[in-house]
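Participant: These are the residues of each chain, in order.
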Amino acid sequence: MSRPMSNPRGPKMGRPTRKAKKGTFKRLIGYVTKYYKLPFILVLVCIGLSSLATALPGIFQNKVLTAAETGLGLVSEGNSAESALDAVLPDIISAVSVLICIYVLGLIASFVKTRTMAVITQGFLHKMRTVMFDKMQRLPIKYFDTHKHGDIMSYYTNDIDTLRQLVSQSLPQIITSCIILVTVLFIMLYFSLWMTLVVLFGVMLMLITSKKIGGGGAKYFVKQQKSLGKCEGYIEEMINGQKVVKVFNHEPKTKAEFNALNEQLCNDATTANKYANTLMPIINNLGHILYVLLVLTGTILYFFDVPNISISGQDLNIATIIPFLGMSKQFTNNVSQLSQQANAIIMGLAGADRIFELIDEPAEVDEGYVTLVNAKYGENGEITECEERTGMWAWKHPHASDGTVTYTKLTGDVRLNQVDFGYNEEKIVLHDISLYAEPGQKIAFVGATGAGKTTITNLINRFYDIADGKIRYDGININKIRKSDLRRSLGVVLQDVNLFTGTVMDNIRYGKLDATDEECIAAAKRANAHSFITMLPDGYNTVLTGNGSGLSQGQRQLISIARAAVADPPVMILDEATSSIDTRTEAIVSAGMDALMQGRTVFVIAHRLSTIKNSDVIMVLDKGRIIERGSHDDLIQQRGKYYQLYTGAFELE
Amino acid sequence: MIKNFKQLASYVGKYKIYAILTPIIVSLEVVMECLIPFFTADLITYVQQDYVVSDAILTKWFISFVEMIIPDKPLAVVGGYCILLVLMALCSLTFGAVAGITCSRASCGFAKNLRSELFDRTQSFSFENVDKFSTSSLVTRLTTDVTNVQQSFMMIIRTAIRSPLMFIFSIIMSIIRGGAMSLIFVVVIPILLFGLITIARKAMPIFKKVFKKYDALNESVQENVHGMRVVKSFVREEHESEKFEVASGNVANDFLKADKILAFNDPIMLFCMYAVMTFVCLFGSQAIVTGDIIIGEFSALLTYGMQILMSLMMLSMIFVMITMSTECAKRICEVLNEDTTIKNPENPVMKVENGDIDFKGVSFKYSQRAERFALSDVDLHIKSGQTVGVIGGTGSAKSTLVQLIPRLYDATVGQVLVGGVDVKDYDLVTLRDSVSMVLQKNVLFSGTIKDNLRWGNENATDEEMERVCKLACADEFIQSFPDKYDTYIEQGGTNVSGGQKQRLCIARALLKKPKILILDDSTSAVDTRTDAMIRRAFAEEIPDTTKIIIAQRISSVEDADIIVILDDGKIDGIGTHSELVQSNAIYKEIYESQTKGGKME
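Chains as they are written, first to last, in the working numbering: chain A, 1 to 653; chain B, 1001 to 1601.
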């Protein structure tokens, strides 16, 4: 019994199969042996032993049968059956005893092999998953922006699955089959060259047939996968858009459209499965024909006394033909095993290749050496580093030249100096951006989608690195600041809220892992999330799943604000953080936030002008350039773009 | 479990003939496959006994038959046997191949019927039904679950028939051929069966549990990928890695537990095989000498022995497959058996008189189990042709209120009337044709602008489309596109701006010529000037249509005939703008929050 598919609900999707790079196999074995050297060797030895136990018995069948024939010969010479039996019994018993020994050894080897293999496979997969995940955590945001999330996921599902198949089944199977094939081939040659040639001829025939049918099948399986994809895509689009379907009474039409797709899928699937389903019976019965051919050849050779060529020098007789029949079955079975595994190997190596690609992806580089530390004023008013949280932070700046360390108080002074940036070389999306955010200021960005608002914040927390210009944080070039410390000093609330599976409390605590329940609740109150959280079935202990799918968009935003609030960062970036909250609630939330951010720097991006009206500086962005800047009143007086927006004469997006 | 399979089996439909043919043809294949070693044994015996026809040969009739045609040529008999055997192998091959084809027809057709039925079901579902399953789970049920059930179905009609038949035939044959020697199977089979079943029963529950954990693990990866910005912003990379390592390690350990049980499989199987081999070798060879069996039978016994054990192996595999798919079958049946909560009445009213809307003591909750009502005690009376503004905070149930009108949901308590008739008495299509609703989550489908507009009215002429687009202030920007009304909209409408999408959705809704038009926060991305123009157009062009406008902006509802303030599922105030500014605290607060500082107009 083979183990069921590791994920019964996930069909093997038809990712394009491609040839694995050279060296992938070696590297894969390298990984396995790196963690499991001794077990791996043990498994190899066991595979060898158990394959021999499967392959060798032919010899003993022959011995036993030869003894029996001798016995029969004695009987026909006029001896009594008893005396004949007595004469050959020692031969039989000695042959069977050796046979039993081989079997016992084979059994033990097979047991040890499967157990050890289970340990290796699971451990190895666990290692690969963790290596992948660790690597993924260290990849730059750019990677996630340029790769489809579904594709990344498929490393963990499809590719790991094929890898499991490869390591736990295909590899051992191939080694087993190879050993058996070689051994059986020798034993067959040991008995008779002619008969062996017949077997080899039969095997050729099978290989050609399976290649023909298998090749045709593969083509239609790709087709089937395509129609399956289309069908599933349609189901998804329609079930997600069901309200619209209902509102427009469109059910009959969607049904008709679906039926067409469904019919196509059915046709393709039938053709593909036809190939797959007929392959096995055909190969199987070719085996039967081979069986008959062997009997025929054996008989003819025997009948005409054709001189036998064999390693053993034995003549051809019934005692040779019978084990031969068994061995021919073994031989063909293993050949068809190999041809079946070949596909799995190709797929498995392609999967391994993709996984290695992820592992080899360059990680986010960080040459920063300026770190963020808790600080307090020393006796003489100088800043000193301390362990406990004081609410005051300082940048610890070691100077390589003279070995001294200076401390700069973290104030939240952010300056951009003539910054240019593009997501790729050709297309510059930000031009000559200069801005000065003084500690305690609220800086707002306004502009159409794609004007570059979010991009600016991506540069401040170094999700992306600037092409030209300088960004200074408290006077320090942000390239010198260690990324983790830079980001820890910046709280970010994004429009697209991501909540994690876990309780509401866990999600708020994400902002500060050692926060007490009280701190979390206080943060929730500040974000005005407390009242709705207490109305949830289990209050703060309500478990959220599927990115908080049970909550409304606005409620999720409130939780994400609470999450940022508990982190209590010196600088905050609010990127459309309140876009789904009604204006009245928003007013309450922003009042709470303003109180929290008293004396700290805040960057706000908002669509709704009421959100940003009270900012110290408003920057109006257009096509990557700052076209207007000033306070609300200044800008209204300028009667420019902002004025048009504010009076509703101009539409954003 | 049996019940589920029975129910699913009824969807085989017109593919029944293939579903029945397959096992029959498979049986024929099995018969052939079992006869081949049977005849081979005779052939070997014939050769081994120096071409003498003895009693040990069970197919003497065949030899007589060959000798009748070509007398006294032993080789002719051998040749005759070979031809017969090859013919049988070819028959078996043909049967096998044909069964493969009928089987794929049956199983793919079955899957098609199942998907089609499931899709029809989901189309008839009310949102209460959909919410109960969740959309993602519905999609899984229609896709992966069906694929799995299809696989099992294929297994059942082919292999699940083949293996037991093979098992029975092989046993019979080995008794005929081997006599007392076949007793070894009496010993070995129970051991194997017991072993395999015990393993499956022990391992299956563990697997079921681990698969759930494994799914959860992958979901957590997905969350991590989606939330990467959050992870990086909070510098939680290490925290995430640690969490993942623990979870992944747990999954690996659980899998290992199950795998270790499964590791007994091979040795047990091998043990039985080896036992049969040893037994046959040891006693068979002696029996040959004593003349109890002949060499040909010895070989037949070995072949049948293998076949018996192989078929048992297959059976255990099928057992596992079927157990795995019962879960899928159950989930599919849940969808099939779900009764839609919103049904057409027996004698439906086929015409909506006018656009009057009345809520009489309406309370509503999303699920029977929910403790809190989303809407409570709503009494509201709207005259045909009136414009009604609805305003309220996040979660105040504005959308919920209007969704009761076209019966997307049914009121839990109380009555909703349209045109003086309870909505539950209308024919659903009639009702929904007269109530047009622009949803908060606008969905445009992949296709041209025209295709999308035609959702509102399939037979709409170009002039009609242009007219409604002008009403919705969409004509202007459509004309600016190079392909005008034939501009292709990407899936989800990603190539038009939010405001344009909203206006297209409004135009689409207008094409229905509804008696009631509901705009659920559907001008939020439209600038205030255009917003006002759209409302003016409504007032002038469709004065008889009742218009309900849900909005965040006070300016969108200011000039409505009545404004309804919702707060926490209850009506907090009803009145005109000027009344509410005076009397309603919430309204006043919203109004002030949006106009603070004064508008520069």
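Each hint should be verified, as a subset may be incorrect.
Said to hold, decoys possible - Below, a sample of chain A positions facing chain B; criterion: calculated Cβ distance under 7 Å: (1) I29; (2) I174; (3) L435; (4) R488; (5) Q637; (6) K641.
What the hints assert, rightly or not - For lysine to any residue, the following SDA-like pairs were computed, each having C-alpha atoms within a straight-line distance of at most 25 Å: (7) A:K255 <-> B:R1121; (8) A:K135 <-> B:K1213; (9) B:K1260 <-> A:L44; (10) A:K212 <-> B:C1091; (11) A:K212 <-> B:Q1151; (12) A:K223 <-> B:S1116; (13) A:K253 <-> B:D1433; (14) A:K329 <-> B:K1213; (15) A:K142 <-> B:I1161; (16) B:K1588 <-> A:R526; (17) A:K255 <-> B:I1161; (18) A:K243 <-> B:G1498; (19) A:K253 <-> B:N1129; (20) B:K1016 <-> B:E1238; (21) A:K525 <-> B:E1592; (22) A:K226 <-> B:I1161; (23) B:K1260 <-> A:L38; (24) A:K148 <-> B:N1218.
Just so you know, these hints were derived from the structure itself, not from any lab. In this text, a Cβ means the ideal position worked out from N, Cα and C, and glycines have one as well.
Participant: For a quick check of understanding: which of the numbered hints are violated here, in increasing order?
Facilitator: 1, 2, 3, 5, 6, 14, 15, 17, 20 and 22
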